[in-house]
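The primary structure of each chain is shown beneath.
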Amino acid sequence: MSEDHPFFIDRPRVLEKIRDWIYNPAGETQRGNRRVLSLVGPPGSGKTTLLKHLAANPPHNIKTMALPHPSAFLSGDSIPEDSARQILGEVFGILPDPHATPTAIAQNWVKEQCDYNPHLIPVFLADGYDEISPSQARVYSHKILEALISRECTRLIVAHREDIGLGSLTLRLQQHVLNLNEFEDIDREFAFKQFEHLAKTHGGSAVTEIELWMKTFNEYRWENPLLNELLFEKAWDANGKTLNPPNATTIEQIVAESVTRSGRFPRLNEKQIRYLYSLAELDETWSGDTAADKLNISNFYLDEDIRGLFGCGLIIEIPGSIEHRLARGFRGLLRETRNKRRVEP
Amino acid sequence: MVAYNALDVHILHMPFWHFPEALSLRKSSFQGKIDDVMTLNGNYPRSHFIQQLQLAVDPFLTPVAEQELIRLKSLFFDFFVPIPSSQGPLSPETLLQRDSIDFIFGAPGSGKTTLRLALEAQSRSVITPTITIAYIFSERSPQLTREEHLQLLLQSVAVDLVIHLIERFDPLDPPNEQQIKALRTQVETGGALLQRVLQAIVEGIESQSLDPDWGIAHYWERLGKVPVRYVEGSKALGEFLAQLISEPSDRVPIGMEGIEAALRTARLWGVARMVILVDAVDTINLPANRLLDSLIPLFHLLRELKYPLVFKFFLPIELLDSIQQYLRPAALPSDINLIIIKWNEQWQTELLRQRLRAATFPKGPRYTSIDQLAVPGLDLSAKLIAASRGSPRKLLQLVNRLFTIHAERSPRQAQVLLTTEDWEQLQREMEEQKS
Numbered sequence: 000m001s002e003d004h005p006f007f008i009d010r011p012r013v014l015e016k017i018r019d020w021i022y023n024p025a026g027e028t029q030r031g032n033r034r035v036l037s038l039v040g041p042p043g044s045g046k047t048t049l050l051k052h053l054a055a056n057p058p059h060n061i062k063t064m065a066l067p068h069p070s071a072f073l074s075g076d077s078i079p080e081d082s083a084r085q086i087l088g089e090v091f092g093i094l095p096d097p098h099a100t101p102t103a104i105a106q107n108w109v110k111e112q113c114d115y116n117p118h119l120i121p122v123f124l125a126d127g128y129d130e131i132s133p134s135q136a137r138v139y140s141h142k143i144l145e146a147l148i149s150r151e152c153t154r155l156i157v158a159h160r161e162d163i164g165l166g167s168l169t170l171r172l173q174q175h176v177l178n179l180n181e182f183e184d185i186d187r188e189f190a191f192k193q194f195e196h197l198a199k200t201h202g203g204s205a206v207t208e209i210e211l212w213m214k215t216f217n218e219y220r221w222e223n224p225l226l227n228e229l230l231f232e233k234a235w236d237a238n239g240k241t242l243n244p245p246n247a248t249t250i251e252q253i254v255a256e257s258v259t260r261s262g263r264f265p266r267l268n269e270k271q272i273r274y275l276y277s278l279a280e281l282d283e284t285w286s287g288d289t290a291a292d293k294l295n296i297s298n299f300y301l302d303e304d305i306r307g308l309f310g311c312g313l314i315i316e317i318p319g320s321i322e323h324r325l326a327r328g329f330r331g332l333l334r335e336t337r338n339k340r341r342v343e344p
Numbered sequence: 000m001v002a003y004n005a006l007d008v009h010i011l012h013m014p015f016w017h018f019p020e021a022l023s024l025r026k027s028s029f030q031g032k033i034d035d036v037m038t039l040n041g042n043y044p045r046s047h048f049i050q051q052l053q054l055a056v057d058p059f060l061t062p063v064a065e066q067e068l069i070r071l072k073s074l075f076f077d078f079f080v081p082i083p084s085s086q087g088p089l090s091p092e093t094l095l096q097r098d099s100i101d102f103i104f105g106a107p108g109s110g111k112t113t114l115r116l117a118l119e120a121q122s123r124s125v126i127t128p129t130i131t132i133a134y135i136f137s138e139r140s141p142q143l144t145r146e147e148h149l150q151l152l153l154q155s156v157a158v159d160l161v162i163h164l165i166e167r168f169d170p171l172d173p174p175n176e177q178q179i180k181a182l183r184t185q186v187e188t189g190g191a192l193l194q195r196v197l198q199a200i201v202e203g204i205e206s207q208s209l210d211p212d213w214g215i216a217h218y219w220e221r222l223g224k225v226p227v228r229y230v231e232g233s234k235a236l237g238e239f240l241a242q243l244i245s246e247p248s249d250r251v252p253i254g255m256e257g258i259e260a261a262l263r264t265a266r267l268w269g270v271a272r273m274v275i276l277v278d279a280v281d282t283i284n285l286p287a288n289r290l291l292d293s294l295i296p297l298f299h300l301l302r303e304l305k306y307p308l309v310f311k312f313f314l315p316i317e318l319l320d321s322i323q324q325y326l327r328p329a330a331l332p333s334d335i336n337l338i339i340i341k342w343n344e345q346w347q348t349e350l351l352r353q354r355l356r357a358a359t360f361p362k363g364p365r366y367t368s369i370d371q372l373a374v375p376g377l378d379l380s381a382k383l384i385a386a387s388r389g390s391p392r393k394l395l396q397l398v399n400r401l402f403t404i405h406a407e408r409s410p411r412q413a414q415v416l417l418t419t420e421d422w423e424q425l426q427r428e429m430e431e432q433k434s
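Just so you know, the protein sequences line up as chains A and B, in that order. Numbering that gives the first Met the number 0 puts the first residue of the first sequence at 0, with every later residue one more than the last. Numbering that gives the first Met the number 0 puts the first residue of the second sequence at 0, with every later residue one more than the last.
Because the hints were derived from the structure by calculation, they are not lab data. Just so it is clear, the structure is predicted and the values come from calculations on it, not from any experiment. Wrong hints could be hidden among the right ones.
Stated by the list, open to error - Listed next, the stretches of chain A that the computed footprint assigns to chain B, with coverage defined by at least 3 CB atoms under 8 Å from CB atoms of chain B: (1) 52 to 63; (2) 101 to 112; (3) 303 to 311.
To be verified - A few chain A residues that don't get close to chain B, going by computed Cβ distances all over 12 Å: (4) D81; (5) E89; (6) E181; (7) S277; (8) D282; (9) L294; (10) F299.
In this text, a Cβ means the ideal position worked out from N, Cα and C, and glycines have one as well.
With the hints as constraints, model all of the structure from the sequences given.
Structure (structure tokens):
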């Protein structure tokens, strides 16, 4: 979702889980405090939206503090002290000691919060972690993030893709993973709200009778917020601002564009698109062997194009299993496209 | 009475630089992974195979915890899975929280030392009122009397207390005179090696030659400790450390008085609880009765070393019956938990999965099972797990050998995947070993 959109929260269960974790990071399993929440999911699964919602609507007794994009701290593989001091000063709302290092400032602020304001839980929100290089992630984790969780009263939520690990042993030892794929699909009501908002954004305030429009726009999906938005925009623009179902070509473009939209991922090649269509025809979950047979490749895990699809989050691992599936929304979309292609001239 | 000097501590803590292969490895975790592929002790077919699989690190090369720690450093902890036991999976966090005296028994290679190292890493990853102290009990240690145990324990407490407190140093809220004075005594108790390491850190800060990933923490390797988090080498820390090593204490207390002094120091610095991890490593060749004889004087001490000292023992399974019998008449001050490490197929599968996941480049293949590295239909995971007979080390040794067999069969493998022939050769070797 783009920056100017209001914060839709499509997954009340996820938000409830996050709130529970903030108040009780040990959880019900008595594993000890796990104060780093990895909010993982493929692109478009709503990680950033959730963080923005938490920043704007902190739960009771919680002080949420959104960290700027990691690149604001970094210059190459290092963290220039002057700018980092200034950023941390803004995040904490203090005038930082001009002689102290950013790590020392963060550690000291956290210590004082935990010692003198024990009822308030500071929660740091870090987005963009998977948009920096592994070496940058290591420096950012070691010098900034580790300091923010150096005392027991704080929490840190890091949004990242599942395949991008946290570049710090300390963070990993404190890590609790919340995988958005393990929660229910986005509900239809949310899709309606999103649709309403998009229609108003694109077409002014004249849009009424949303439900009727939704019925007309009967191809509208609701499994993946990013797909929703792209599909809507394509349909809107392609049909001269009249909402009609997008055609198969439009959908193909959407599939190809969805992962490249933010510029974070390489554009999918033709072979990868073809693979996606083939994988969409398998059962919802499948193993590497099944997929290799279907795609006629020797080894699913060693194939470079397949790794690219893993890398951009379109192929998802099923946690604790050797099976995989396509990211939410894509399978249905690809199957429909294929069916449409069969009937379209 | 045994003379305790820096050399004893040096041997007991097994510093990394004692092992020449450690010299070729880099500190930074990911660079470490890359280097690892290139420096498999000259094992080129094997490293070629690992590269073909597009793994960043060989996840099965060193099936023994201590060797693996030397090879992989902090990456070692990425391989960790909760250790299954008679009381369910053992997580470091849970064990650290418990005030009971826990006796954790396991066969060689069942994960006792891995668990102990994970407890240490967990406690150093965040500043809490609890710290861990590693008390390494090796067969290289002589038969120790109560007093010798006490003195060795005192030294172990001092070394780990100093490390923990240095890692907690806050340049914006520096320690007061009383805290510094108390810690100075601990530095002396810790011995000459600890003092030399602190001196090296001071020099490293002055020359600004600290490790960019770990700061001063990478110096802990010289004391046999893994860096867990970045510890900044600020000028203020350098001055503080210089104070700790430059002025000798008036008197270094010994025996129980020394323990009291350590506890006072800990309290002054906000540490309320110390978890002592007694690890009987390298005692595989020591008969159970001799090991028990060595431990009994330590058990006697437990009646005096009460809370906030909390003990966790990591012992060979052969001692279970003897310890059970011994503990019956011995009234120890806390609740006692006897825990037996027990692996099953589910956790062994998880062990392999975690190693493959941790060994993968961020953009690398998503292996979750050994079966994905083998030709279809071989069902290798199940076969290896069955052959390991419940021993995780045996399982890792088998996979390690299988990798080598495959790599050596054809140095530039046309067939990347493990084959039926590889498995059959491994089976033949296992049969030969038996006979």
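For each hint, the structure was consulted:
1. 52 to 63: violated (count 0)
2. 101 to 112: holds (count 6)
3. 303 to 311: n = 3 at 8 Å, threshold three: holds.
4. D81: Check passes; 16 Å lies beyond 12 Å.
5. E89: holds (18 Å)
6. E181: holds (16 Å)
7. S277: holds (18 Å)
8. D282: holds (18 Å)
9. L294: holds (14 Å)
10. F299: violated (8 Å)
Checked against the numbered hints given earlier, the structure breaks hints 1 and 10 and satisfies all the rest.
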